[in-house]
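Chains A and B are the protein sequences, given in the same order.
Note that our numbering gives residue 140 to position 140 of the first sequence, counting from 1, and the numbers run on in steps of one.
Note that our numbering gives residue 206 to position 206 of the second sequence, counting from 1, and the numbers run on in steps of one.
What the hints contain is simulated information worked out from the structure, not anything from laboratory work.
Hints should not be assumed to be uniformly reliable.
What the hints assert, rightly or not - In silico DSSO-like links for lysine-lysine, alpha-carbon gap of 30 Å or less:
| no. | chain 1 | residue 1 | chain 2 | residue 2 |
| --- | --- | --- | --- | --- |
| 1 | A | Lys135 | A | Lys269 |
| 2 | A | Lys80 | A | Lys135 |
| 3 | B | Lys276 | B | Lys287 |
| 4 | B | Lys158 | B | Lys213 |
| 5 | B | Lys46 | A | Lys213 |
| 6 | B | Lys135 | B | Lys46 |
| 7 | B | Lys158 | A | Lys213 |
| 8 | B | Lys214 | B | Lys158 |
| 9 | B | Lys107 | A | Lys269 |
| 10 | A | Lys107 | B | Lys214 |
| 11 | B | Lys269 | A | Lys107 |
| 12 | A | Lys139 | A | Lys287 |
| 13 | B | Lys214 | A | Lys158 |
| 14 | A | Lys107 | A | Lys80 |
| 15 | A | Lys80 | B | Lys269 |
| 16 | A | Lys287 | A | Lys214 |
| 17 | A | Lys287 | A | Lys276 |
| 18 | B | Lys213 | A | Lys135 |
| 19 | A | Lys287 | B | Lys92 |
| 20 | B | Lys107 | B | Lys46 |
| 21 | A | Lys214 | B | Lys158 |
| 22 | B | Lys33 | A | Lys158 |
| 23 | A | Lys213 | B | Lys276 |
| 24 | A | Lys33 | A | Lys213 |
| 25 | A | Lys158 | A | Lys135 |
| 26 | B | Lys276 | A | Lys80 |
| 27 | A | Lys33 | A | Lys91 |
| 28 | B | Lys135 | A | Lys107 |
| 29 | B | Lys213 | A | Lys287 |
| 30 | B | Lys214 | A | Lys276 |
| 31 | B | Lys287 | A | Lys213 |
| 32 | B | Lys276 | A | Lys276 |
| 33 | B | Lys214 | B | Lys135 |
| 34 | B | Lys213 | A | Lys214 |
| 35 | B | Lys46 | A | Lys276 |
| 36 | A | Lys269 | B | Lys80 |
| 37 | B | Lys91 | B | Lys80 |
| 38 | A | Lys276 | B | Lys80 |
2 protein chains.
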Amino acid sequence: MAQKECSTNCIGIVGLGLIGGSLGLDLQAHGFKVHGLVHRSTTAQKARDRGLSQVISTDPQILSDCDLIILALPLDQLLKPSEALIGALPKKAVITDVGSVKAPVLKVWRELHQHFVGSHPMAGNANAGVEAGRKELFKQRPWVSTPESGTDPEALEKVHQLALRLGSQWTTAEAEIHDQAVALISHLPVLISAALLKTLGNERNPSLLTLAKKLASSGFADTTRIGGGNPILGKAMMSNNSAAILRALTSYRWSLEQFEEAILAQHWKQIEAELKETHTLRPEFLKKSDS
Amino acid sequence: MAQKECSTNCIGIVGLGLIGGSLGLDLQAHGFKVHGLVHRSTTAQKARDRGLSQVISTDPQILSDCDLIILALPLDQLLKPSEALIGALPKKAVITDVGSVKAPVLKVWRELHQHFVGSHPMAGNANAGVEAGRKELFKQRPWVSTPESGTDPEALEKVHQLALRLGSQWTTAEAEIHDQAVALISHLPVLISAALLKTLGNERNPSLLTLAKKLASSGFADTTRIGGGNPILGKAMMSNNSAAILRALTSYRWSLEQFEEAILAQHWKQIEAELKETHTLRPEFLKKSDS
Chain A
1 MAQKECSTNC IGIVGLGLIG GSLGLDLQAH GFKVHGLVHR STTAQKARDR GLSQVISTDP
61 QILSDCDLII LALPLDQLLK PSEALIGALP KKAVITDVGS VKAPVLKVWR ELHQHFVGSH
121 PMAGNANAGV EAGRKELFKQ RPWVSTPESG TDPEALEKVH QLALRLGSQW TTAEAEIHDQ
181 AVALISHLPV LISAALLKTL GNERNPSLLT LAKKLASSGF ADTTRIGGGN PILGKAMMSN
241 NSAAILRALT SYRWSLEQFE EAILAQHWKQ IEAELKETHT LRPEFLKKSD S
Chain B
1 MAQKECSTNC IGIVGLGLIG GSLGLDLQAH GFKVHGLVHR STTAQKARDR GLSQVISTDP
61 QILSDCDLII LALPLDQLLK PSEALIGALP KKAVITDVGS VKAPVLKVWR ELHQHFVGSH
121 PMAGNANAGV EAGRKELFKQ RPWVSTPESG TDPEALEKVH QLALRLGSQW TTAEAEIHDQ
181 AVALISHLPV LISAALLKTL GNERNPSLLT LAKKLASSGF ADTTRIGGGN PILGKAMMSN
241 NSAAILRALT SYRWSLEQFE EAILAQHWKQ IEAELKETHT LRPEFLKKSD S
């Protein structure tokens with residue numbers, strides 16, 4: 001039986017949004033008993049209607065029997081947890097999170113709990129809230145953990161087994177390397193995509209803007225997709241990973257300036273050579289997810 | 001009958017790649033007689049096998065009976081047409097093109113032919129060559145024409161009717177406005193997308209790069225799609241629309257700097273407000289093509 005194999009009484013999930021709700025659905029399907037903690041009673045009722053956990057409450061005490069607890073909170077709340085939540089976490093339980101930035105999370109949580117393991121299951125989509133969770137969200141998606149010298153190896157192994165059970169692709173990395181990698185492949189793209197929309201928003205020639213709106217097609221749609229996404233999530237990325245993002249932006253500005261200089265100098269062969277390189281490079285990033 | 005309605009003997013298409021081949025398929029389906037001119041005899045045979053026109057040849061003289069001729073050549077060739085092609089165009093025929101940049105095309109062609117009309121059917125996709133043409137490529141896609149004071153109104157109307165017949169959405173604009181609009185919604189996106197790939201290509205920390213490749217997902221795939229596209233096409237855009245692209249880049253750099261300054265100053269509310277604006281703005285560009 002699944003429960004015996006992991007020696008788990010119940011798994012606690014704090015927050016039943018896209019990630020927490022999806023975890024609740026999958027973990028129940030794998031035979032685990034799941035206790036879900038939410039902030040509002042209206043959310044609790046909606047989560048019960050969707051069957052996101054067997055037990056759902058706004059009372060942190062429902063976590064007291066859990067030996068594995070997943071903090072599936074928005075980053076801002078994860079970094080400033082309430083006293084009630086901290087007090088309700090059993091000392092022997094393994095605690096993990098799902099935050100998209102890891103160094104600031106470790107800085108807070110390594111002091112708060114002895115068996116904390118930093119996690120980032122990379123399975124977001126554009127949806128949010130108690131209606132967003134869905135089955136098999138984590139299947140064949142990366143699940144990064146960021147252990148450090150003080151991380152309890154048994155706790156790490158418990159989170160590892162959880163990720164494998166959900167079908168995720170387990171990877172470990174230093175928190176700083178993780179944060180720089182997500183800055184490059186996730187947070188920087190949001191910024192450069194948003195800046196493209198902002199450029200159109202700044203355009204003051206009305207006939208040009210009207211024509212641009214008529215002519216924009218799939219290329220524009222693709223390039224602006226994540227820059228036109230959830231503003232709250234975007235702000236949370238920027239504010240919690242700003243050092244890595246500024247580093248990525250500096251490198252990006254340099255890349256863009258090289259294109260600009262080549263255009264100014266009419267070095268078309270260089271432009272073509274650069275575009276051949278980007279054409280070759282892109283598939284290396286897409287083996288798993290997209291073509 | 002379709003032919004009588006347009007008073008058209010035959011329609012000539014110069015080049016049977018994605019655009020020319022698709023035009024050939026649709027125009028035949030609408031009852032027109034189509035003569036296709038190609039450069040190589042091997043291409044001619046492939047085009048015959050695919051039925052892209054009723055008459056296909058490498059001899060420009062096949063255009064001599066046509067009263068409407070569409071130049072579906074790559075931009076570089078369109079801007080430097082051969083003497084043989086110029087000599088074969090009947091003086092009374094209406095000539096139009098499909099080039100993605102219009103001011104340089106008008107500069108060349110207004111001198112070469114009295115009944116030239118600048119056109120840009122915006123129906124490209126990632127495919128190219130004699131195998132790429134497909135039916136109904138132009139249906140519900142924009143077809144921009146860029147008439148100027150010297151443009152023959154009857155010739156313009158003939159091209160207008162052609163675009164309507166193919167199901168396109170007809171728009172007219174000044175050539176300079178057109179070129180600035182495509183710089184903003186098509187050429188600038190290629191550059192900023194390519195610069196993102198180049199930033200990753202410049203990364204020298206191997207563990208960071210390996211992790212970035214593992215973690216890159218749909219957001220990265222979307223944002224880099226057109227920057228990882230056809231290098232020859234990308235170079236042609238840059239070299240033939242460089243003034244408008246440099247103008248767009250200047251505006252873009254300013255937008256990106258404003259984000260960078262807000263991050264440096266930790267103005268998170270401003271970031272959120274900007275991202276709310278981009279979130280609202282994006283759908284205005286996508287009503288036709290994508291969600």
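Outcome of the hint check:
no., hint, in the structure
1, A:Lys135 <-> A:Lys269, "violated, 49 Å"
2, A:Lys80 <-> A:Lys135, "holds, 29 Å"
3, B:Lys276 <-> B:Lys287, "holds, 19 Å"
4, B:Lys158 <-> B:Lys213, "violated, 51 Å"
5, B:Lys46 <-> A:Lys213, "violated, 37 Å"
6, B:Lys135 <-> B:Lys46, "holds, 17 Å"
7, B:Lys158 <-> A:Lys213, "holds, 26 Å"
8, B:Lys214 <-> B:Lys158, "violated, 53 Å"
9, B:Lys107 <-> A:Lys269, "holds, 24 Å"
10, A:Lys107 <-> B:Lys214, "holds, 25 Å"
11, B:Lys269 <-> A:Lys107, "holds, 24 Å"
12, A:Lys139 <-> A:Lys287, "holds, 15 Å"
13, B:Lys214 <-> A:Lys158, "holds, 22 Å"
14, A:Lys107 <-> A:Lys80, "holds, 11 Å"
15, A:Lys80 <-> B:Lys269, "holds, 18 Å"
16, A:Lys287 <-> A:Lys214, "violated, 34 Å"
17, A:Lys287 <-> A:Lys276, "holds, 19 Å"
18, B:Lys213 <-> A:Lys135, "holds, 25 Å"
19, A:Lys287 <-> B:Lys92, "violated, 54 Å"
20, B:Lys107 <-> B:Lys46, "violated, 33 Å"
21, A:Lys214 <-> B:Lys158, "holds, 22 Å"
22, B:Lys33 <-> A:Lys158, "violated, 72 Å"
23, A:Lys213 <-> B:Lys276, "holds, 19 Å"
24, A:Lys33 <-> A:Lys213, "violated, 51 Å"
25, A:Lys158 <-> A:Lys135, "holds, 21 Å"
26, B:Lys276 <-> A:Lys80, "holds, 24 Å"
27, A:Lys33 <-> A:Lys91, "holds, 20 Å"
28, B:Lys135 <-> A:Lys107, "violated, 59 Å"
29, B:Lys213 <-> A:Lys287, "holds, 9 Å"
30, B:Lys214 <-> A:Lys276, "holds, 22 Å"
31, B:Lys287 <-> A:Lys213, "holds, 9 Å"
32, B:Lys276 <-> A:Lys276, "violated, 35 Å"
33, B:Lys214 <-> B:Lys135, "violated, 39 Å"
34, B:Lys213 <-> A:Lys214, "violated, 35 Å"
35, B:Lys46 <-> A:Lys276, "holds, 27 Å"
36, A:Lys269 <-> B:Lys80, "holds, 18 Å"
37, B:Lys91 <-> B:Lys80, "holds, 19 Å"
38, A:Lys276 <-> B:Lys80, "holds, 24 Å"
In terms of the numbered hints stated before, the structure departs from hints 1, 4, 5, 8, 16, 19, 20, 22, 24, 28, 32, 33, 34, listed from lowest to highest.
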